[in-house]
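Okay, here's what each chain looks like letter by letter:
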Amino acid sequence: MSSYLLAIGTRKGLFLATSQDRKAWSIERAPLASDEVYAVGIDTRRATPRLLASSVSNHWGPSVAHSDDLGKSWQEPEQAPVRYPEWTGSALKRVWQLQPGRDSEPDVVWAGAEPGALFRSDDGGVSFELIDGLWNHPQRAKWMPGGGGLCLHTVLPHPTDPQRITVAVSTGGVYQTTDGGTSWSPSNQGIRADFRPGPAPEFGQCVHKVAMHPGAPDQLFAQNHGGVYRSDDGGRQWASIADGLPSDFGFPMVAHPHRPGSVYVFPLAGDFDRRPPEERARVYRTDDAGASWQPLSHGLPQEGFHPAVLRDSMCTDGGTPAGMYFGTRSGAVFASSDEGESWHELARYLPDVLSVRAAVLD
Amino acid sequence: MGQVTVRVPGALREFSGGERQVVVDVPAGDPSVAAVLDLLSRSHPALERRIRDETGALREHVNVFVGSDNVRDLDRLSTVIPAGAELIVLPAVSGG
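Keeping their order, the protein sequence lines are chains A and B.
Residue numbers are given in our numbering: position 191 of the first sequence equals residue 193, and the series is strictly consecutive.
Residue numbers are given in our numbering: position 40 of the second sequence equals residue 76, and the series is strictly consecutive.
Hints in this document: simulated from the structure, not taken from any laboratory.
This structure is a prediction, so every number in the text was calculated from the model and none was measured.
Examples of chain B residues toward chain A, derived with CB under 8 Å:
1. 98
2. 127
3. 130
25 Å max Cα-Cα, derived DMTMM-like pairs, lysine to aspartate or glutamate:
4. A/14 with B/89
5. A/95 with B/90
6. A/25 with A/71
7. A/95 with B/96
Beta carbons: idealized from backbone N, C-alpha and C, even for Gly.
In isolation and in its complexed conformation, chain A is listed as follows (with noise of 0.2 Å):
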C-alpha cells in the first residue's frame, strides 16, 4: 500500500504531512529551527527518500540539511553546504530551490541561490559546488533583483542529455546551457518585460517559474510576472497562452506529471492586486499545452478568499491519478487526490508556506 508524503516549508519552520489514502492527514512539525524554509527537496532516487531543506535564519543566516529518516532527524556538514567562493565576493542569501538531478545521475542534486547563482552537489545534496559559467555570464552583472531577491528559483535538468540544462532567474529571465553548465545563453524570445520600455529585450525578463513534462523535454512553461508561455522548440521561443486565464499574472507553474502538455497555475489577478481575481480560490489547468483552461475549484474557497501562492507552493506527489497540492500565504494547504477536479482543505493556520513538495513513498 503506498503513502504519501508532503513537505511544507514556511516561514517558521518545515511541517510534514503522511497520508494512506490522500484524505486523512496527519501534521508534524520536523525538528528543524523555527527558520524560513524557502526549499524543501524530496528525492526518490534512493532506497529510502531524501528530505533536503534550505533554511534561513534571520540572525544565523542560511543553511542546507538533509534527512535519512524521512524528517525524524536532520544532519548538515560541518562546513557550509551551500557557500559562494572567495572570489566571488558574494555570501549566500537563501537557497530557493532544491532539485534532484537525473535517474542516471543520482547523487546529483542542483540548488538554485540568491544572489543568483546554480550550485551543484554531487554528494546527494549534502554538499554543493558554484557553477562558474553561469556566474561568469556577462549579462549577470544587469540582473535585477524582483521583489523577492535575486533569486535562481527553477533548475530543470533534461531528462536525458546530461550537457543540457534550462534555470531561471527572477530577474534575469531563462538560461540554457548545452554543455553541462560551462556556458550559457538567454532563452526569452517571446517573452514581454512590462517593467521596461522598448521591445522586449534579451534577457532581464521577471520569470516566475518555468516548467517541463520528462516527457516532451523541447516542451516549455512559464508563468511570468506578467505573461503565461509556452515554448516548443526546447526554449528558443515563446508564444502566449494566457488566453483563457482570467490573469496572466501568478508564480507557479507545475507539469501535470504523466501527460505532457498539461500543467497548472494559479491566477493572481495582477502584479499591483495579488489576490486571486474574484477573491476566489482556483487553480487552472490546461490538457492542451495552453489552447484552453479550465477552472478547477470543487472544494475551494469561492468567495473572500484573499491570500496568494507562491512560486514553489504548487507541486504533484507523482501519483496515479496525480495529486495536487498548494499552500497559502494565510498558512492554509489544500490537497487533491484526483488531479486538481476536487479540492480539501489538508491544514490551516500554518505560517506562511514558501514552498511544498510532495512524493508517493512505497
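Place chain B on chain A using the hints.
Chain B in isolation, oriented as in the chain A frame:
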C-alpha cells in the same frame, strides 16, 4: 600563546557541543575579533558561519561584544581583544 574565551548563546550551543563557551588558542599578543573568529572557523566551522558569512562580514542580526562593548561601536571586526577579555556572541533584536 594565549587564550580567548568565546561565549556562545543558547541558540548556537548545538554547534559548540552543548558548551556555553569555547576557548580559542591564539598567538602571542592581543588578537583582533576577526583573528579569533578565523581560528573559531577551523575548530567550530558550523558555529562560526552563523556569526559571519563567507565574505567574513558579521551577520546583520548578530552582535559581538568584547567585554561589555559592541564591536560595531568600536573597530568592528578589527577590534583588538585585550588580555583577559571575553568575546560574547548574542543575537540582536530582530525578526517578526
